[in-house]
Amino acid sequence: MINGTVVDLSRVQFAATALYHFLFVPLTLGLSFLLAAMETVYVTTGKPIYKQMAQFWGKLFMINFALGVATGLTMEFQFGTNWSFYSGFVGDIFGAPLAIEGLMAFFMESTFVGLMVFGWERLSKGQHLAVTWLVAFGSNLSALWILVANGFMQDPVGATFDPVTMRMQLTSFQKLIFSPDVQSKFVHTSIAGYVTAAVFVTGVSAFYLLRERHVPLAKRSLRMAALFGVLATIGVITLGDALGFVAARVQPTKLAAMEGLWKAQSAPMPFNLIAFPSQSAQKNYGMVQVPDLLSLLVTHSLDGTVLGIDALERQAQRRIERGIPAVQALRVLARDPTNAAALARFAAHRRDLGYGFLLQRYAPNVSQATPAQVRAAARGAIPPVAAVFWSFRVMVGLGLLMLAFFVLAALYSLRNTVQSKRWFLKAAVWMIPVPFLANECGWLVAELGRQPWTVFDVLPTWMSASRHSVAYMVFSLIGFFGLYSIFIVIELYLLVRAIRLGPAEPGGHGMLAGPTVPAAAYGAKAQG
Amino acid sequence: MRTFLYFLLFMVLAVVVTILAAILGAEGAWYFAWLIGTAMLVLISAAGGALLDAQEASAAAGRGPS
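Chains as they are written, first to last, in this note's numbering: chain C, 1 to 528; chain R, 1001 to 1066.
Because the hints were derived from the structure by calculation, they are not lab data.
Derived pair list, reagent style SDA-like, types lysine to any residue, alpha-carbon separation capped at 20 Å:
id, chain 1, residue 1, chain 2, residue 2
1, C, Lys421, R, Glu1056
2, C, Lys175, R, Ala1029
3, C, Lys125, R, Leu1043
4, C, Lys47, C, Ser124
5, C, Lys263, C, Val290
6, C, Lys426, C, Phe207
7, C, Lys175, C, Arg249
8, C, Lys47, R, Ser1058
9, C, Lys283, C, Trp390
10, C, Lys263, C, Leu297
11, C, Lys47, R, Glu1056
12, C, Lys421, R, Gln1055
13, C, Lys263, C, Gln315
14, C, Lys47, R, Ala1060
15, C, Lys125, R, Ala1050
16, C, Lys47, C, Gln127
17, C, Lys125, R, Ala1047
18, C, Lys175, R, Phe1032
19, C, Lys175, C, Leu98
20, C, Lys175, R, Ala1033
21, C, Lys125, C, Pro48
Could you build all of it, start to finish, from the sequences and the hints given here?
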């Protein structure tokens, strides 16, 4: 039995690593396509201002990209170091998308990033534009493969457990990459990156407009980001709805936690706008409800209902009872893989094997599990409701705030009056952290909502971790926190410095060129 | 001859896109929607930049309010 503290520390370490990494990734995903848009205008119109824009925002992209790669690398190693049972159990499925992601990131994306940075003077306009587009697609396609791997953890399709090899095996690569969860999650995450980049570009442009610096560049950047952002935010909300619709079918416990739905209700179900869920009392306090809305949101019908946590616990209890013979049969097969009776018994109960594993945390010998232990395991099959409930509401609230922000930004920009709306420009600068916070909340909803599983319904988190000592975990956790905090400080320092310096003079030497230096400054130096 | 080659290129692209739409559509069309949607986002954003140039040129020529 793995020490529970080690499992918790492993979870904290992975969560910290992923949350740090996810501060960098969305900006890379979105900024790459905004660069493609700016350079497309440059190539089609030939106006140098768009080249200056592509180079300036490209410099900020590079700072973020470098630190994103640095934080992402360690995360992949953690699967092996801290989650070795998990890696062995699902490595045949999980390994392939991760390997493809590595190839995409380090061969396609990095190669073209190099060409994009150093190719301004060496490639033709058309060639450089093609490279920028390939950087954008490369960044997003490498994210796709990570999300294919994550999608398998949420909805494990295209694989089956082999009782002879004692591990999961891939049965359909097509099902793996085309699972509804993967598809909707990839598009939701990718477009959330577009929104992040659009808010970032709008905010920095607003900063320049407030200070009346680099006005032509800032006005054009703000216009392009506002239009990009308003459409992308609509896309994020659409895909968020699709993800909820998928979750209602494949992860009902996550959906029930997101909605704070302790007991099933008749249709049309009300939506808990505000509530304070208590896991121990299994009820909500201080509820503010919107009538009928939940049925509409999660089933797209006024007649639709979803299961409450009470029903899901009863369902889990039945599955745990059916999973006990699967675990017993597996123990026989571990000694004698050819035992026909054990193979037949396993085949009859294989669907509920994960629930048998879940019970082992409460009753190491499942054959002697008491009804109280089975009930405790069933209760443990529900994710932490309050954390998921509030992360979801913060994410949605911020998403709606960003939609309103971009509609206003697009309106002011299209009327060409944004420069005179100083209150809006100040608000735009303060909006910069909002999408980052929304992204982190989205990650929490997805991953906390999956608990207590690493692979939903198949492999519980408690048995996925490596057998490290508590001291080792504490030491490495402090190391990660320290190192990643330094990365964040470096990123902020470099970004703020590059923004303060501003864009290079048109006709400068690529993304690595220095800032604009007014001609008067040269004169002053010469005279002084 | 050049026009014909362009025609062939775009026909091949159209066929590939149609096949992709058919395959992906059967499984759920989100990947396809992402491809089309991203291209649309970038082009609308680019058009917005070009429109600003036109607005400023028009304002400078005194033909419009902005």
